[in-house]
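Asks: Spelled out from the first residue to the last, the chains are:
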Amino acid sequence: MATLGPSGYSPYPVAMYEELLTPPPGKALMFNEIVDEEVAMREAAKAMLTRDNPTIFPGPQVLYAWNEEAKEKAKLVRKIAETLGAKIIPMYDYRPKYPKIDPEKEINPNHPNLTIWHNNIKACIFVGVHCHYANVALKIIRAETDCFTIALCGNAGHEDAMITLRDQHVEELEKFIKVAEQVKKELGK
Amino acid sequence: MQKTEQVQYNRAGQRVVSPDYLLFEAPREKQFMTGSEVVKEAVKRASVDASVSYPITPQSEAAHLIGELWVEGYVGVYFRGESEFGVMSEIAGCAMAGARSITTTSGPGTLRAMENFPMWAGSRLPIQLVLMARGVNSPLTIQPDNLEVSFLLDTGCMIWHAETAQELFDMILAGFVVAEQPDVHVPLITVIDGFFISHTREAVMLPPDDIALPPYNPYKSPMVPLDMEMAPGRFLRDPYVMKSNYISYAAHTSWQFEVRAAIERSRPYAKHYLRGLIEEFGDPEGEIVFVASGTAAAQAKEATQMLIHEEGVKARVVRIKTIRPFPAQELIEALRGAKYVFVPEFNVIGWLEREIRRVLYGNLDVPVIGSPRVAGGMTMPPEFIVKEVLQYLGKEVKHVV
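Residue numbers (the working numbering), protein chains in the order written: chain A, 1 to 189; chain B, 1 to 401.
To be clear, the hints were calculated from the coordinates, so they are not data collected in a lab.
Don't take each hint at face value.
Said to hold, decoys possible - Covered stretches of chain B (chain A as the covering partner; in silico rule of three or more C-beta atoms under 8 Å from a C-beta of chain A):
(1) 174 to 186
(2) 249 to 261
(3) 265 to 278
By construction, the Cβ of each residue, glycine as well, lies at the ideal position given by its N, Cα and C atoms.
Just chain B, with the same shape it has in the complex (with noise of 0.2 Å):
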């Protein structure tokens, strides 16, 4: 019998292909685009359902032209918050509805939302927020700084961190396909640099935009979608799991282990549509090895390759692109016969140097040094990173920063 092709569309019209082909087959064309107008360019291609906004600098503009995409009639609803937390909250309903849906924040929006990311995650909500990171004190900063990743580490959220405009529009396409696997279906937090990537333009390789992601199918999620009658949950009415006198201590672990298991799930999708969890560059002898991850890894590189053909010092790059779950096998392995391990980073606090000191403890003996580190929006020149490198090992500094 002759086999018959069935041609899906989805509701804005798109062809709907598979992930494989959306993201590794399909012919793509050169654009020059910042990271907002990725972001618009990804969601487009993605079947989204719903995306809920507030402004917060950096990332009104992509929130802005997700609305546009509703115009055009490529999201099924979208809608303005009262504020980030309503916004967080008002995403929620819309997963528990079953929606593919999308948000974006930065700084201390993301802060003023945190109550619902840990509620996304045990309400296992595969959301996905796109955070173009500008930081979070006082005085206030509007400029590129990382440090509200931090806050978000611990929440039960994946955390991807993209370098460049083209891998934030790869990582959103993904993020949806490896959130909404049944057995990881947690949030995704889709991190870029603000300013750096969203206000910047680059070139990137877009596929055709009349072919997009199959629709989420919710009744594959790993909770009943009857469960969702009551916000957030029908577990929220049990007396078992929710008040303290018939409490289930034991379901109450169980619960946040499974979220944490969810995301260990999640490392044999990413690791086929992100092509790794890390990505290894420079010279694979260079015993000058930079950890980083985001923008600090993309001046990193620069750094390597001054390092390299300027000084005749070996030296590498590995990537970080998956924060959680935590690329921490490849990592160790990465970095056997590094000499010094140096972690660039755009925030006063360190948090990729904690997070690759807790990995190498009592696994890798290499030191670990958590510099250079730039915050409140300072810029971070491959100079300066050579200059650190150079002055650690003692050696002469011939650039000026």
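Same shape as in the complex, but just chain A (with noise of 0.2 Å):
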């Protein structure tokens, strides 16, 4: 299920065994249900703001200046930590990692639990990482951990995430950033 993990042993895709597919452009999916992106957005926002250790999982699509856009979005993606009070620990690229990772410091798509795990993270957000390793690590995630997982996609999103928003530029960014402010005042904190 595309509910929190850990869903059990094997990473199984929920678009095989749930028939979820990505959401359809203009929507969100929250869960196993197609939502208005307004409506994910506050979920996803409130998730970060009342678990434990949220922390933002930049990938190389925000973290290097490919271009105008990518810059743009890397501030943006530091204003949404400091609204959420969220950590940040980069995927900045998927090499390989000798002899290991730090998951202190970083999230590697192949084991993204370790840093997971270590960090006691009960809420993230995957925004700028390339479709294909989100998909991996957000597999691994939900079957492994308890965490509630987001994806800020810039295409069309992840049905292995609990929260996904798809075509997520910098015009969506900013609304998100204003409605997680509007959470938090909600919210009290």
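Both chains are sitting in their own frames, so use the hints and assemble them into the complex.
Replies: Below, the structure is given as structure tokens:
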């Protein structure tokens, strides 16, 4: 299920076992439901503001200055982290780590569970991670941890995250910040 | 403010149009062509960057004609590989470099190249392979037979099966669009039954050749292009993924599941561009149902007409367009009310019958008859199909085959 893990031994994909696919344009996927983008944004912010050790995992698409949008998005990711009181642990590339990754400082798509276990992360946001690696990591996280996963994807989204928002570009990230500020206020934080 | 329309052109100087316009809206003209010629016409309108070829019957002509397109400036790179293994490795290199890539093969060439297909899928390369099936066996068949499809079913590639040259044309164009979606981004094998489609002429409706698909954007790839510095991917140097002493088994499992999940994600796109994953033909209330793909479906349609009009038997056809993803739900729905399901096939093992049995098991209780079945180049006359059905139903057989 695309519900909170740990879902079991094997990283089964919801696309095959629950027939859940990425949301259609203009919509978001929240657990097993297609919802309006704003509804998903509110729940995502709420999860990050109320669960322990919220963390943002930014990927290469926002960590390197590929283009103007990437630079702009990087600033917005930092602002999201400030708004949500979240740590930032980068998935800065997908290269091998010798002799092993340092889970305090980084997350690797092939064993994301190590970073989540080590830091006791209960809510996280994937942003700027290339879709294949995000999908590989999100399945493992759902299988092996109880971390609440949120994907802010620039393409079609990730059905293996508990909340997935698609086509997230500068305008959408700005909107997410506004929604997060509002939710924060409502929660009295 | 007045909006300015921007007109884009590809490298060949063709006007770039939306896939929907090219496939559904552009005016079309009738031509009389072989399937091989139709491959050329589709590639001509597909803004293709690279193609690698190797001769094997019956796809040689299609590969040759793509070469002509390179001479004419429609295809960016074209060369001959050393063997089918070489071709499929080299086309992978082209795709890793960010090129829209297409190649063709047939029969034993498919098996010679086999190791590459799961590698394509695992590397998330949206390569299109046009497979002009001819079978694989000894004694060698150089005739229509699609046995090789069974070997490809679990490679992590999408597989579509065209019935006609027209459908092959449309599938090649739609194929690039679907395979290159960021949430899909796996290879596509577009199958036709060799000779029946590749070598025979039929009427096809083609849009103008001065318009083409938008070029491929590799920056939307689900794997970062910089990953492709070391073919076939940087992950090969990751000891956690590639070396057994450090391996992350969960990563391997998730990776392989992800490739299969990507095929599932192609469903809505394929449904749109192929106008459904199945086609239904004949008497909607028919209790005799043929489930078939490719030219076997065309023969089953002829047989259905004969059963309805000459024998008074209510019959219909459910034609499967996509083998991967397999249209399981659509098939179950379409077969409600069926009394007998016949699966005519052009191969000796009945790979489609297996697929159908797998899907129906526990979902729908209907007898599946893996018949009629021919192989090695035999034709399947509709009279033969009718005879099998009538014999099964215990009716008098009037036709002589």
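Asks: None of the hints should be skipped; say for each whether it holds.
Replies: Results for each hint:
Counting residues of the stretch 174 to 186 of chain B whose CB falls under 8 Å from any CB of chain A gives 4; the rule of at least 3 is met. Under a criterion of three residues with beta carbons nearer than 8 Å to beta carbons of chain A, the stated coverage of the stretch 249 to 261 of chain B is upheld, 9 such residues being counted. Residues of the stretch 265 to 278 of chain B lying with their CB closer than 8 Å to a CB of chain A number 3, which satisfies the three-residue condition for coverage.
Figure legend: structure checked against the earlier numbered hints; every hint is met.
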